[in-house]
Amino acid sequence: MAGSRSFLSRLRDGDEIARLITLVFAASVVLITILLVYELWINSALPRQKFGLHFFVTQVWDPVMDEYGALPFVYGTLVTSAVALLLAVPLGIGAAIFLAELAPPRVSDALQFFIDLLAAVPSVIYGLLGVFIVVPMMRTVIFPALNKPFGYLPIFKGPSYGVGFFTAGIVLAIMVIPYIISVSREVLLSVPGDQREAALAVGSTRWESTWKVVVPFAKTGIMGSIFLALARALGETMAVTMVIGNTPKIAASLFAPGYSIAAVIANEFTEATGDLYLQSLIALGLVLFLLTFILNGLARLLILVTTQKGSGVSN
Amino acid sequence: MAARLRWRKFVSNLMLTMTGVCAFVSVAVLFFILGYLLFNGGTSINWAFFTQLPKPVGEAGGGMANAIVGSAKLLLAASLFGVPIGFLGGVYLAEFSGSAVASVVRYAADLLNGVPSIVIGIFAYSLVVLPFKHFSTLAGAFALGLMMIPITLRSTEEFLNGVPRMLREGAMALGASKWKTIASVIVPAAYRGILTAILLALARVAGETAPLLFTAFGNRFWSQGWGQPTASLPVMIFTYAVSPYEDWHRQAWAAGLVLLGLILIINIVARTILSRGIAVPR
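Chains as they are written, first to last, in this note's numbering: chain A, 1 to 315; chain B, 1 to 282.
Just chain B, same shape as in the assembly (with noise of 0.2 Å):
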């Protein structure tokens, strides 16, 4: 009998001790990437990376500054086109509407944001690329937006949920209308927790790379303007990395370094914004 339950504490320690194994491992992977990326791109980051175009196939040196630019690019394009959408649908959802249609809102943008980022790429390409027959960065920049849409809908949905009724009842017995009360108590009530949302789905989209080879493209000087095609870091990322250059392989690791420190200090300042008096939406 003692042998028995010593077994059994011996495989709930084990058992336990696995678990908590399991755990490290998974976050160790974290640290294992920052500390790689760091390492290799900290070493071949320099000012030209910042500053100057790519050269030539086989001349060293060089840079991503249209890249840079041209993923800015994308970035605000893709937000004045998203951000609007998803805010005001999400406002839509939180005050105006009735169960069923809330409900067809809610399920379309749940299943926009599980298309595989690619698919939405061919969407983008088959509805922007080929009416113009031309890679353009808007091309991109909507393909961009679509996936923010679905993230900033549901996040502005259930931060304007969670403003107290108290506020909501106080606003209307002033006799404010409707509009007035959300515009002017309800929204910015709700306004940091939506905000940092719409940094998260920025960060997301940021280091998308599919959705970009065919709307974006690709370019090695600076892009000619918003209906032509144009460089991006991500998609630079991915050309280098896979090219069989030296040269090519150091600057993809300092362009890696460059963006998943962005990403991640845009996701470090949101959580913790979000995590500090409004709960995280899920």
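One chain only, chain A, in its complex shape (with noise of 0.2 Å):
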């Protein structure tokens, strides 16, 4: 009796109504990311039905065929990120060590605001730059300079056209960098300061206390900061578009065009005809997504396990 008094005293408040209107929207948010999966799985249906998990092993795509094979999207993808990677996390990386262990904190905070504004800057904006910078200095600069030394290995071999998986991970490296150096200098600014110290007291250089106790101190955070990247850069989808060339050709040549998950889902999807085409660039919707998850996943526990133990040791 007691308890239907109050609710009723607090519907009159407006308290339970405000909470139930707010419970709604709430709700809305675990609904509409349901409903999300749910879409993407019922609408790759017939790919899933018709090829199984061959469609990650074939290497034709062939519309007028309706033959559908995700093999070259994928060496696509997981290509052009692997080369950004290469280049952005020992700059990223770096930058991070001297935005938390050496700039003072004026500096770094300026500096990382600069970062902050470099993650705004949209990825339309990369592409159009990729296109008219990137891929004219791949042809004049890049590709000779690592084609004479080396073009006898097969990842060097010619010729380059100026688009092409080299040029869309060097783009893609660019605008993974502010989220590595925003994450890792925040992971190595919660690393406790008496670790520094310590490591100075028994006779580091400043450069060994940080690469040899600091660093590895924040090792699973700083990884976490590059699966956060590496989520980013599988997903990334106007950039790429605009200069990996949009060939389903698999090709051992860094310079050759290629094509990636993202970039033939916003190309094709539009002309897509036929319930089989359209599935199955679903399907590869539904393959990203899946990597994303499992990708953001991680690094966030990874983060969050090592920003714990920073404050817990500093307790």
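If you're looking for bench data, these hints aren't it; they were derived computationally from the structure.
Where a beta carbon is used, it is the ideal one built from N, C-alpha and C, also for glycine.
Hints are supplied without guarantee of correctness; some may be wrong.
[As the list claims (entries may be wrong)] Within a straight-line C-alpha distance of at most 30 Å, the following computed DSS-like cross-link-like pairs (lysine-lysine) qualify:
| hint | chain 1 | residue 1 | chain 2 | residue 2 |
| --- | --- | --- | --- | --- |
| 1 | B | Lys133 | A | Lys219 |
| 2 | B | Lys133 | A | Lys50 |
| 3 | B | Lys9 | A | Lys212 |
[As the list claims (entries may be wrong)] Covered stretches of chain B (chain A as the covering partner; in silico rule of three or more C-beta atoms under 8 Å from a C-beta of chain A):
| hint | region |
| --- | --- |
| 4 | 11-21 |
| 5 | 74-81 |
| 6 | 152-162 |
| 7 | 172-180 |
| 8 | 256-264 |
[What the hints assert, rightly or not] Over the 10 Å line for every Cβ pair with chain A, so calculated as not near, a few chain B residues:
| hint | residue |
| --- | --- |
| 9 | Arg8 |
| 10 | Gly58 |
| 11 | Leu111 |
| 12 | Val185 |
| 13 | Phe238 |
Once you've looked at the hints, go ahead and assemble the two chains, each given alone in its own frame, into the complex.
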């Protein structure tokens, strides 16, 4: 009895109504997310039934014959992301070390402000600059510089059309560096000061204390920032579409034109006639979703573990 | 011994300098992008760009008036859809929820935040475009609004949680009911932070291209209404940049400058407000 009365009085005060209204909106976020997964799953039923797991090992992408295999796109996505990480990780972690360990707080904050702005630049702008700066530069500078001394290696074989895996990797690297820097900096800043002081007290140089004590302490969190960057790189669409060459072929050479999962969806979705064609593209979207889902989850976990380790030690 | 020490000091200085170079290079990229866009876009921007429709293929001149209006319409409708859900959901998380429900909602929001924008586009396509059998402004706005939800939700929650407990207790002590406390004390105390966070969310989706490709599609004329396809600045930049026409490239630069300028100005203003007074949420 008392319970129902207090419920009524709460109702009169409007508390219960406010709670229910906001609950509806909060629940709708969950519903939307579930609906997203459901739609992706339902709308990719045809290729799942027809091709099964062969979808991932088939190289043919032929809308005329109505045969679809995802291998060239998966390959392109993985190769461009790998190139991007190879370039971005050393640069990003180096910059993060500078911001967290060396720069005075005010300089560090100012630089971080610019890094945040860099992260806000839309991907189509990166694509625009990629098309008109990186692509010509690839043809005239980078390709000759790598092809002449290392041309005997299959990955640096010519010819170069300017567009291709390597170009997309460079543009992606520039795009993910801000994420690596921001997260790594935060993780490094959460390393307790006594770790540094202890290392310096036993006679390490500044670099030794940073590289052998602080960075290992923050290792898992830095890994998290890399996973986060990888998730971004895998799902990145516009910039890659504009510079990868859009050719569904698997080539050993990094200078060859290729294709990526996101790029093929962007280019062919509106032209996809026939259910199997459209659903194969949606199945690619599902793959992308699952990949980023797993990577983002891992990244969040790793970052959480490290920052909590830091606060745990200092307490 | 002395030689070894000198070597260690040398390595230390060298590596520390290298990290400085890394930071410098990373930041320099921003200024390079800005400078290049200012140079290329600045020379091709003119009055016609803001006031005229695109000219037919092959004819020089014309502008992107329809894309500018289209982007504004998309952003308006996206905010009308995304902000209430994000804001009220955030209020629920901060004020009403138990921890179990809250963690589910938070998890869903984080998941949504990490979904690649092209996949958001597919979702909007199958949910809005397919049933109506039509590319439309509303479908594009739906996709962009979806992307605004997680950012608005999480920052609303964080700013509300940041309101000092004394304010809350003061209102309660005066006999205000819970929702009155929230509506007249807590939200007003946090509104500046929430508003700037919404601005940042808006700036982020303003540049999104991928989710618009097969929702709002594109249009070389004025859009005929909310149920019809519309042009937008990011999609125009994309189509013009990959086209073979010199004049279109020129206009892509101009559009890029306008878009980036707008986004950076919003970001600078919002982040400056945030860094003064209120702590920046992550």
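Taking the hints in turn, this is what the structure says about them:
1. Between the alpha carbons of Lys133 (chain B) and Lys219 (chain A) the distance comes to roughly 50 Å, so the proposed pair goes past 30 Å and is violated.
2. About 26 Å separates the Cα atoms of Lys133 (chain B) and Lys50 (chain A), which keeps this hinted pair within 30 Å; it holds.
3. At most 30 Å may separate the alpha-carbon atoms for a hinted pair to count; Lys9 (chain B) and Lys212 (chain A) meet this at roughly 15 Å.
4. Restraint check on the region 11-21 of chain B versus chain A: 9 residues with Cβ-Cβ distances below 8 Å, three needed, restraint holds.
5. With a cut-off of 8 Å between beta carbons, the region 74-81 of chain B has 0 residues touching chain A; three or more are needed, and the interface restraint is violated.
6. Coverage of the region 152-162 of chain B by chain A is violated [criterion: at least 3 residues with CB-CB distance below 8 Å; count 1].
7. Note: the region 172-180 of chain B has 4 residues with beta-carbon separation from chain A under 8 Å; the three-residue rule is met and the coverage holds.
8. Check on the region 256-264 of chain B: 5 of its residues sit with their Cβ under 8 Å from a Cβ of chain A, so the three-residue criterion for coverage holds.
9. At roughly 5 Å from the closest C-beta of chain A, the C-beta of Arg8 (chain B) falls inside 10 Å, breaking its exclusion from the interface.
10. No Cβ of chain A comes within 10 Å of the Cβ of Gly58 (chain B); the nearest lies about 21 Å off, and the non-interface call holds.
11. Against chain A, the non-interface label of Leu111 (chain B) is violated: not every CB pair exceeds 10 Å, the least being about 6 Å.
12. The Cβ of Val185 (chain B) lies farther than 10 Å from every Cβ of chain A, with a closest approach of about 14 Å, so its non-interface assignment holds.
13. Not every CB of chain A is more than 10 Å from the CB of Phe238 (chain B) (nearest about 5 Å), against its label as outside the interface.
Checked against the numbered hints listed earlier, the structure breaks hints 1, 5, 6, 9, 11 and 13; every other hint is satisfied.
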